[in-house]
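**Q** For chain D, the structure is supplied; the task is to place chain S on it using the hints.
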Amino acid sequence: MINSFYIAWKYLLFSKARSAIMVACITLIAVLPLALEIILDESEHQLVERAEHTPLLIGAKGSALDLVMNSLYFADEVPQPVTLASADEITATDLAFAIPLYVRFQARGFPIVGTTLDYFDFRQLQLAAGTPFGLLGECVIGASVARQLGLQPGDSLLSSPETVFDLAGVYPLKMRVAGVLAPTHSADDLAVLVDIKTAWVIEGLVHGHEDVARSRDSSVIIERTESNVTASAKLMQYTEITAANLEAFHLHGDPTGYPLTAVIALPHDDKAAAILRGRYQNTDSRYQIVPPADVIDTLMTNIFRIRNVLDAVILFVGLATLMALVLVFALSLRLRQLEIDTIFKLGCSRLTIAQLLGAEIVIIAAFSAVLCLLILGVVSHYAQQLVRTLFI
Amino acid sequence: MISIESLHFAYPQDGFSLKIQAFSVPSGQKLAVIGPSGSGKTTLLNLIAGIYPPHTGHIQVAGIPVHALSDAGRRDFRITQIGFIFQDFELLDYLSVLDNILHPYRITRALKLTPAVRRRARDLAGQMRIGDKLQRHTGDLSQGEKQRAAICRALLPQPKLILADEATGNLDPDNKLHILDLLFEAVDQHGATLLAVTHDHELLPRFDRVVDFNDFRSGSAV
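Sequence order for the protein chains is D and S. Mapping of the first sequence onto this note's numbering: residues 1 to 392, in sequence order. Mapping of the second sequence onto this note's numbering: residues 1 to 222, in sequence order.
Listed next, the in silico BS3-like pairs over lysine-lysine satisfying Cα-Cα at most 25 Å (straight line):
no., chain 1, residue 1, chain 2, residue 2
1, D, Lys10, D, Lys345
2, D, Lys345, S, Lys19
3, D, Lys197, D, Lys174
4, D, Lys16, S, Lys133
5, S, Lys160, S, Lys112
6, D, Lys61, D, Lys197
7, D, Lys10, S, Lys133
8, S, Lys112, D, Lys10
9, S, Lys133, S, Lys112
10, D, Lys271, D, Lys61
11, D, Lys345, S, Lys160
12, D, Lys345, S, Lys112
Per the computed footprint, the stretches of chain D lying under chain S, defined by three or more beta-carbons under 8 Å from a beta-carbon of chain S, are:
no., stretch
13, 6-15
14, 328-342
15, 347-354
Pair by pair, the computed Cβ-Cβ distance ranges are:
no., chain 1, residue 1, chain 2, residue 2, range
16, D, Val328, S, Asp88, 18 to 28 Å
17, D, Ala24, S, Asp14, 42 to 52 Å
18, S, Ser3, D, Met323, 47 to 57 Å
19, S, Asp172, D, Met323, 39 to 49 Å
20, D, Ala17, S, Gly28, 41 to 51 Å
21, S, Asp88, D, Pro33, 42 to 52 Å
22, S, Gly169, D, Ala17, 32 to 42 Å
23, S, Lys112, D, Arg18, 25 to 35 Å
24, D, Met323, S, Asp140, 28 to 38 Å
25, S, Asp174, D, Arg18, 29 to 39 Å
26, S, Asp174, D, Met323, 43 to 53 Å
27, S, Gly28, D, Val328, 45 to 55 Å
28, S, Asp174, D, Ala324, 45 to 55 Å
29, S, Ala22, D, Ala324, 53 to 63 Å
Derived by calculation from the structure, the hints in this document are not laboratory data. Ideal Cβ placement from N, Cα and C applies to all residues, glycine included.
So that you can see chain D by itself, here it is in the shape it has in the complex:
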């Protein structure tokens, strides 16, 4: 038997291109449905579990899917904003607890999630290192962010400008990493969590700058009256919040009008949830209220419909490829008829000849299996990111 494998190995090694093509074909046939299965399982895990644990979401009227995807998975598509007043309204109903969310900015490709510390309790987030954000300008980063950017508590992270060419836009904020989350195998692993006010700092609604009342630089002060000082664009804006300049940061306008992308509503019970939904389903309401599980259920139905189509396509392609492989093997046997006749003449049994050919198939299958496992290992390792890229 070992000799059969030796001879088969030599043959496959000699016909490298043919062997490689056969291995690649078989690997592809096996990998495609299995990788799809892994990705869909991961997407189901990521999407459904998180949606089922989020009772209600309130946001501006528009796409419910955008609202859910942005609020739960921090997708790039930003829904129309609501205001902080909407969160206050929910709290005022005494039907639910409200957690504000502002998910609009990014830091080095990772979403910045403006929220409150209640979010940590709600998602049961644990810190692997450091502390929760306590001061303006501090952030807590997800496990994957820490690993990919090589950050730890005490390091800093710069928010990304929304558009590079917008010279009048907000300045990037240098945030201090206060803590790192333990892995959650969810979108939080890839998030940069900040206090909602820090998100507004990035927006430019809360800002800090040098004291214009004390400034004597005539190129900074345009006009000074008894009650008002008008400064030019030369006025130095702080891009990092430190203990020294923390006091200089201040709000402009009424905070209840400050933007949120959504509010997570945690009803006290089923009855409260039903009443709350009833109130917001009123057509006069400026907001929409959605149970994320329903939205994701619809999305998954569509994904699985596509999956069925893909499965059918893969099945047909797989069958066609298998038939092509059988044809290649049959043609190869024809080409090798002289060789088969020779070894038969030398005294080899038909069974041994079958063993020789079988050994070739076994070696090709073994290589395909190893390659398949390697690819599936890589797919599994990157499944979370792949799901984010493909579905979120």
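**A** Structure of chain S alone, referenced to chain D:
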């Protein structure tokens, strides 16, 4: 060494039949078989080697009744008692020269591939002057070198009978004489019997005996 009596064989598909009343080859003899194409020379070799069983008659090789052996018995007989040399060498291009020489040991349980066999293969290749080409693929060899490798493959199991089917047919005149010398030398050294089918009348004087296949047709004992 070879004894054939009242042999009859026919191919079912084309009606060709071969009848040999009596034919014998003493041990150690180098015999050439000549005859026109299609007369049945190769068929005779295949019958002696046990590739085809005869319809009737007796074939004995080295005392073994080949006609009475089972399929498995004929295979074991072939690989242990017969050395085959083909016109087209029929070496496997994906194996090295050494692996080709050792090939019979890798396709049957009747032969055991031991370190001693490997040593003998190297010695044999040295004797055939291809000792420095053992790791090469057969595609890198000249025609003469290929046939020398094929002779090594045939001789390695130390068979009692060498069957050569147009073994020099694809070689140039210088090479064919040289290869024949080497083959005779090796056959003598191994104490084997040689039965060679050839069309090349120039080589016939070198053989101990020449048999014209037409004599079989006439029904006379050869």
